[in-house]
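> Chain A is fixed; fit chain B onto it per the hints.
From first to last, the protein sequence lines are chains A and B.
Counting from 1, one number per residue, gives the positions in the first sequence under our numbering.
Counting from 1, one number per residue, gives the positions in the second sequence under our numbering.
Hint data in this document are derived by calculation from the structure and do not stem from the laboratory.
All C-beta atoms, glycine included, are put in the ideal place defined by N, C-alpha and C.
Accuracy of the hints is not assured; some may be wrong.
For each label pair, taking beta carbons as the anchor points, the in silico distance ranges come out as [to be verified]:
(1) A/Glu50 - B/Asp37: 33 to 41 Å
(2) B/Thr7 - A/Pro44: 20 to 28 Å
(3) A/Glu70 - B/His73: 50 to 58 Å
Facing chain A, a subset of chain B residues (Cβ under 7 Å, in silico) [said to hold, decoys possible]:
(4) Val77
(5) Ser78
(6) Asp85
(7) His86
(8) Ala88
(9) Ser90
(10) Asp94
(11) Ser106
(12) Val108
(13) Ser126
Protein chains: 2
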Amino acid sequence: MTTETKTMTTKQVADRLVALCREGSFASAIDELYAPDIVSIEPPGSNAPERLEGLENVKQKTVQFDAMVEAHHGITVSDPVIAEDHFAISMVMDCTFKGMGRTTMSEVCVYRVKDGKVVWEQFCFSPMPSQN
Amino acid sequence: MTTETKTMTTKQVADRLVALCREGSFASAIDELYAPDIVSIEPPGSNAPERLEGLENVKQKTVQFDAMVEAHHGITVSDPVIAEDHFAISMVMDCTFKGMGRTTMSEVCVYRVKDGKVVWEQFCFSPMPSQN
Chain A
1 MTTETKTMTT KQVADRLVAL CREGSFASAI DELYAPDIVS IEPPGSNAPE
51 RLEGLENVKQ KTVQFDAMVE AHHGITVSDP VIAEDHFAIS MVMDCTFKGM
101 GRTTMSEVCV YRVKDGKVVW EQFCFSPMPS QN
Chain B
1 MTTETKTMTT KQVADRLVAL CREGSFASAI DELYAPDIVS IEPPGSNAPE
51 RLEGLENVKQ KTVQFDAMVE AHHGITVSDP VIAEDHFAIS MVMDCTFKGM
101 GRTTMSEVCV YRVKDGKVVW EQFCFSPMPS QN
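Next up, chain A with everything else stripped away, as it sits in the complex (with noise of 0.2 Å):
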């Protein structure tokens, strides 16, 4: 018996990424999979600041985010696309927020994967004009 673990490839942090979220679960896979120097990147304009570091403050963005949602509808995710360190996915998530009714919120996700782990994340979507 060893406790020595292999660390992960892009394609395997992408492939168990896609698994989780598939299952919405976001805070298990930062939990799982990210670096303490996670550096987190909203686009301008969003309701989330557009430069987050660190474990702690990036999961607090996923509370946050939760705490706004009254009902999920489903989620769509796409198998990664891959090139050396970094990968992307698409993600479709089907919500009703508090107070603000049903929508449907589609982003691609790209991330940086180093020693095994998730270094930095981008979401890339078009705020609507009432987020501004």
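Structure of chain B alone, referenced to chain A:
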């Protein structure tokens, strides 16, 4: 006979861009698919400027890249992942650079489409230390 042209969807732009990139026709992709106010983003530490704006500047970047290449040995471009007005592809290029030898470049490329044209592109890769 009519000169009216239909605005291309994100998927149509993505599929056409992929087809042109698979042929190595980057200049044609810019001419055919890019908007005059295109914004082009490279990662910190790459050889190219981190942000360029305007069709002529972005075309010039392609010309400068081509001038560094002695021989193209192959290119692999993924199918696109698409989320509303954004899409991403992975691209792996096998080139010999003048005075630098043969190398493989891998990147995730993200694009935003507006009114049937690419208005924003971002290349995601980790520059080699020698590029810093």
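> Any hints this thing doesn't respect? Which numbers, in order?
1, 4, 10
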